[in-house]
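> Make one complex out of these two single chains by using the hints.
Which chain is which? The protein sequence lines are A and B, in order.
Quick note: the first sequence uses my numbering, first residue 1, plus one each step.
Quick note: the second sequence uses my numbering, first residue 1001, plus one each step.
Rather than coming from a laboratory, the hints here were simulated on the basis of the structure.
Being a predicted model, the structure only gives us computed values, none of them experimental.
Heads up, a few of these hints could be off.
[Unchecked claim] Listed next, the in silico DSS-like pairs over lysine-lysine satisfying Cα-Cα at most 27 Å (straight line):
| hint | chain 1 | residue 1 | chain 2 | residue 2 |
| --- | --- | --- | --- | --- |
| 1 | A | 114 | B | 1699 |
| 2 | B | 1317 | B | 1508 |
| 3 | B | 1247 | B | 1288 |
| 4 | B | 1202 | A | 5 |
| 5 | B | 1202 | A | 90 |
[To be verified] One side of the interface only, derived from the structure: several residues of chain A facing chain B at Cβ under 10 Å:
| hint | residue |
| --- | --- |
| 6 | 30 |
| 7 | 43 |
| 8 | 80 |
| 9 | 95 |
| 10 | 123 |
[Stated by the list, open to error] Chain B is nowhere near these chain A residues, computed Cβ spacing over 10 Å in every case:
| hint | residue |
| --- | --- |
| 11 | 2 |
| 12 | 3 |
| 13 | 5 |
| 14 | 12 |
| 15 | 50 |
| 16 | 52 |
| 17 | 55 |
| 18 | 60 |
| 19 | 69 |
| 20 | 112 |
| 21 | 118 |
| 22 | 144 |
| 23 | 149 |
Every residue gets a Cβ at the ideal spot worked out from N, C-alpha and C, and that includes glycine.
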Amino acid sequence: MITLKVNGVTRRFDGDPEMPLLWYLRDLLELTGTKYGCGRGLCGSCTIHVNGVQVQSCVTAIGSADGKSVATIEALGANVDHALQRAWMKNNVPQCGYCQSGQLMTAAALLKEKPKPTDQDIDTAMAGVICRCGTYQRIRQAIKDAAEVAL
Amino acid sequence: MRQITVINRRSFLGGLITAGAFVLGTRLLPSLVQGAAKTESASWSPSIFLGLEPDGSVIIVAHRSEMGTGIRTALPAIVADEMDADWGRVRIEQALGNSKYGSQNTDGSQSIRDFYDTMREAGATARQMLIAAAAARWGVPSGECSTAKHEVIHAKSSRRAGYGELAAGAAKQPVPKKSDLRFKSPADHRYIGQDMPVSNLKELCSGRGVFGIDATMPGMVHASIERSPVLGGKLKSHDDSETLKVKGVLKTVVLEGFSPPHGFKALGGVAVIADNTWSAMKGRQALKAEWDPGQNASYDSEVYKKDLMATVSKPQKAARNVGNVDAEFAKNAKSHEAYYYVPHLAHAPMEPPAAVAEVKDGKAVIYAATQNPQAVQDTVAAALGIDKKNVECHVTLLGGGFGRKSKPDYVAEAALLSKAVGRPVKVTWTREDDIRFDYFHSVAAMYLKASLDARGKPTALLQRSAFPTIISTFNGAAAEGAPFELGMGLTDMPFEIPNIRAENGPAKHHVRIGWLRSVSNIFHAFALHSFIDELARLANRDPVEYLLDLVGKPRKIDFKAEGTDYSNYGKPLDKFPVDTGRLRRVVELAAEKSGWGNKKSGNGRGYGIAVHRSFLSYVAVVVEVEAGANGRVTIPRVDVAVDAGTIVSPDRVKAQFEGAAVFGASIALMGKITATKGVIDQSNFDSYPVARITEAPFKTHVHLVPSSDPPAGVGEPGVPPIAPAICNAIAAANGKRIRDLPINPVA
Ligand code: FES
Ligand code: FES
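The shape of chain B in the complex, shown without the other chains (with noise of 0.2 Å):
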């Protein structure tokens, strides 16, 4: 068999800056200069996520990990853009794990908002420094210089320098203090703002693009693991014989099941190794294995529903607590409450869970599509008993993330086997096992009730909820909701109401509970959006009005003297408030832009409306459905407004809206997980379907509102509002309300 050695995909794979780049010390991330100081050759580098080469090629470090938001080209052009570099002469490459970047972990819709900073910086300062070795050169003030598209300008003297002749001049001026550099103003930016071409366009256009599942390395075996129907559970005996008849397969190997808490930990199981994939599954499926359940075959879904159920209908731990809600019923006899219901949900990228791995020497190189190749050090580390430092980790494109490629024990397992069997070992998860061994988004329950004044308006709001932990994944006795998922759409309602209360509830976990696009907001705010509009129908009054006066006048909420434990995305209030005012003005644009004054609901056809702030940005949707007698649901038109601060890349900012109205939709209309004496019943896409081209609403029409806020997230924030914005629709159409989701579930 020909092999395509690594060596051949360097280009797509990617490595660090040119190996011998001789690196500046910088302040920007001190702890580099270490390991590049070693290198040789008259390249510079004044960051480390920045080099120059003589002949004027700027590299720029992509550390980010590209799963379809086009970060892999949005951070370099922030870099390029300040630097003033010609877009053409930018060669981008792809970082390898490095806790010398800063976090790698492509998740939380973080990159912009956390690196948009930093990138500049990098910028700018090769910019200071160009500068000043053409002074130097020409015995001008620097002050005189300017630059223009990779050139330092002279303009009294009419002279001009390129980059990359300046190259080793700029090496050697003084780096400039972080308070001294200057940055672009806004109207001169060039790329910021712009739709840069993806860099890697082409080879997604023609099956060229390397994921972790197309990753390979020379004398590479396959592997396909089967594991324990259970989570936890033990394997008793196998009986191999049949599978080592199979052609092409190779031998099997016993994993180890983990040992509480499961985090990023191997499953555990026994692999088929084989020459290809399709022998290694054949493999398995002639595998006999008997496994010992454990205690977690008592998880049944629909007697774990009832339990949440009856959690959340009764008083729980407070985690917000404004003016007094209890009065306030006590006083009020108008009022009305809701229960909802979210199922677990799996997160079913198209390119399911794979890793290459070799281990030799104490050492392991692997390839994988990971959202987090830091992760994947520690987690590679531990489970061989190495040094992370021995673990080289290239980060291939991805198939989709959502969530699930943050956590890598399918790279464990790579390692693990290529340990046991001497040899590059590629794990490819099936479509069975990434839904059956997902680590799933909380199932939730949810209970809401208001008390409303004369014009049906609440005068208190409590929330409650329960749903299983993400923490529970990292520490098995966790059972609430910790601050971050709670301050994902319970503790930071943002209406105006006098008096609130939110609860959280304590819920056991029995599968592996993990983050998924947008986390809990999907279920807060599923609830909260559904409640407020059921709240302006029962009214009688216009959704986006009633919802206009809820959200109130301008205002900053001052969580800190309310006493709220408010975590606001690890970002200061102070720069990222929750603003009332910026609210309000994407309700307007989107019933604006929808034409929401001059639509009529009924017959089956209906207009539904949500906003919802996360991860920092605010975003209002309006849904048009279609409600056929027979139940189905289609999506004609969705209009989401948008404001998320500064934008990089509108088209790309667009995109993830587009994407992200999708994935609401499959969450709304089809999205179930359950489990049955521990075993998950769904296992590939007719038994958890997601939307397709028909399904999904027809056209997204996307808002920007203008904006020089810091940049905010995009990736996540276009999901929660989705999925009650379609309810409201639906509710519109036909008068029927959806409190549970799915609406659609498979039979």
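Okay, chain A solo, but in the shape it has when bound (with noise of 0.2 Å):
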């Protein structure tokens, strides 16, 4: 049995502990905001924070989550208030929006380390997340606008 906290709530799972946290995320508990892009790693869709780190969930077996504390996108901002949100809808980010969640949580990472990131900052930070619809000038803008907001 693996117990597990999933945005503040506690989870049980007694299925294959080889199963990646996005399967469980996103067909168990329906927390659908966590995308699958490619499933080895490749694009960060998926990415989730574990006690705090972000992982890429494709790769991230449930069974080494156990005893963690899982954060997805759906708990970003209560009310889609997190400075990131708030800096993405003032840039108008988004385009077909699939990627964002990714975008998003790598990004929530990247300002706990760095709260003042410089453009080569972002860009190493975001370059495992891929945007097919090219949204990458807007999202460097955001993460500065909301590293502003933040300090």
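In structure tokens:
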């Protein structure tokens, strides 16, 4: 039996411990904000936080999260009011929006580590998250805007 | 497992105008009246796109698919503007698939250009009938009444009435004739041309948007399908004993292979059905299947490339002929020629194809990320042998489309599997499925030759291309480019050259060929605009000055007089001419805004330009590159000048061109799909990379030409000029000319 906290709620799971967190979140908990994009740790669409650390949920077995605390996009801002979400809306960042959960969760981890990131910091941190619609320049701007606000 | 049912998601997934809306007969699309006449309610619907409730809520139907362009906001904004409605009281509902809306195929950069007038008519009709209702109530002439933000006003008597309270009366007014409709003057537009808040922005920033891959139905199971690695291969045998041992796997189902032509039919294969996606995928990995690969196993990209190159090295059928190219070549000793090549490309939207279907009692209910719900109806109906009226297609949000999701083979799979297992089924393609079994963008070879005058300007131009045609997807025998494909960058070559010939040669298809964002413009534009830049450099002339010289005097190309079969994106040339004056203006604007005149190329930094008209829009691009000694190319800046006629949503239009620059950079830098023995060599973002934040242009500046011309396309026309402009910039930076894409293929 695996016990973990997801967005503050304690959950128990007695299925296959190899199941990636991505599918546990999406199919069993119906937290569909976390997206599948590649299943191999290549695109970042599935980024979540485990014990505050950014991970790619498609390559993270649920067994490895036993006793840990998982946070997903659904819990980023209670009323979509995280500094990043506000900056995202101000800059009209999303196009299709599919990659944006992964972008936001990655950006949130970056700002925790580097509250005032440079362009270089942003590009390094965000390079793992693909946006096929090409919203990168607005992502960069929104992260900078959020960093201003957060300080 | 707790189910989120579709009912809970109605507000996201939408339905039609409130069930029970009273629909007034409308001329806009009279076929609607029937379906809706059964309904009863005090609310009023002056058009199939529009309803008004007694409380003043306005319901506007979004009938096109939202895949990131903002169309779900832009079309309703046009209706609301002409209606003079308060945007805060507008509710947007996503339409089901239904031919009553006209085309819902969200493709070809058509949504605004094809429905701008329709939306204005819907809004103006409502506004005029509301005015008539108020005038009747007050006993005053309609002509003395006006509207302002959700109210009719009679200024003389200082009377006002809200739209909600007028709804019932308006429903009784005669519907104005189209010729009697009065439209706002552009100066009075309050939403058109403004940046309206994107309707689902909050959902998209919080993981709450519902995409096809997120849709669920009660009792739903999940499917992952093993398919023949070679297109058209037949299942010889399979062994699912290990599969069935995987926890969560329920069963396997064999889907029959398709019979050519493939069209949008399900590919066939062995489906693993499980109670969650991962078990389905894991069960599929444990499956043993043997295939008879069939005739497409001969497909080998290296051999095929040589064949295509050989085809364009010989004279082919002319699709455009002006003057006498051969005579000019014979008498003019100075000439230049070059071959170009662009490989297959995959769409790779971030959301892979996904759909949910429930087939029960001869009816199908579908939730799908689709660009074309009517094609879903047709395809599912044909697959199941039922009437399309019995296919109800709900359109979810799309996690990108780029043309892939106009082709509903994956929806047919879900429907066939639901029928087989008697439960709702969700089909989720893996990324590997998406890349290996795509409807690929055509691989293409091009040959260009020009004879040159003393200043290095062409006196004759020959363009020749060969590529497997999209038509082959629907007619297996088709081997030549269709006029619409040749009309994308070949037969519409706009430069002022006295002798022109465009030729196209045959090419066989071995994979499914499909349209991808900007279609055959991609390779035709790459060749043409690279070649033009080569000519400018040969002549030692500034590329912008040379380009403007080639664009020539403002004129409208008379294709008819030439005898050229040019389809102009399905639009009449008198309303949407190929206007070189507009071409010139965007070149000048891009040059000015990028500071072209002050830029010096060389030492690994270079500036390149390209201009291309497509989807009725004129786009010039100046790209700045840094080309390192290690071959690494970065793109610090792109300037895009756009004349797309009337602009409805400036910020969303800019976003489309920013995105197109990234899409174009992926094509130029790394896009490459190849086959070996009929099997696609690439499968995920390691072998088929797309531009990341580190490779995409750092900053794209979009400059819109103010215009009151009719609206033209914006989703696609930003793509074609990017790759040639990048390669022209590289040539300027270090003298290296790239004629084979991509620039940095995966080893
Ligand atoms: S889905 Fe996890 S990194 Fe792509
Ligand atoms: S917004 Fe569409 S993939 Fe990023």
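> Decide if the proposed pair is consistent with the structure: residue 1202 of chain B and residue 5 of chain A, CA atoms, cutoff 27 Å inclusive.
26 Å, holds
> According to the definition I'm using, a residue is off the interface if its beta carbon is farther than 10 Å from all beta carbons of the partner; does residue 118 of chain A meet that for chain B?
13 Å, holds
> Holds or violated: residue 114 of chain A with residue 1699 of chain B, Cα cutoff 27 Å?
Given that 27 Å is the threshold and the Cα spacing comes to 23 Å, the pair holds.
> Taking the closest Cβ pair, is residue 95 of chain A under 10 Å from chain B?
Since the shortest Cβ distance to chain B is 3 Å, the answer is holds.
> When you look at the beta carbon of residue 60 of chain A, is every beta carbon of chain B farther off than 10 Å?
12 Å, holds
> Against chain B, is residue 30 of chain A within 10 Å by beta-carbon distance?
5 Å, holds
> Please check whether the beta-carbon of residue 2 of chain A is more than 10 Å away from every beta-carbon in chain B.
14 Å, holds
> Between the alpha carbons of residue 1202 of chain B and residue 90 of chain A, is the straight-line distance 27 Å or under?
Status holds; Cα separation ~11 Å.
> Are residue 1317 of chain B and residue 1508 of chain B close enough, with their CA atoms no more than 27 Å apart?
Satisfied, since the Cα-Cα distance of roughly 16 Å is no more than 27 Å.
> Holds or violated: is the Cβ of residue 52 of chain A farther than 10 Å from all Cβ atoms of chain B?
18 Å, holds
> Would you say residue 5 of chain A is clear of chain B, with no C-beta pair closer than or equal to 10 Å?
Correct as stated: the minimum Cβ-Cβ distance to chain B is 18 Å, above 10 Å.
> Just checking, residue 149 of chain A versus chain B, shortest CB gap more than 10 Å?
15 Å, holds
Checked against the numbered hints above, the structure violates none of them.
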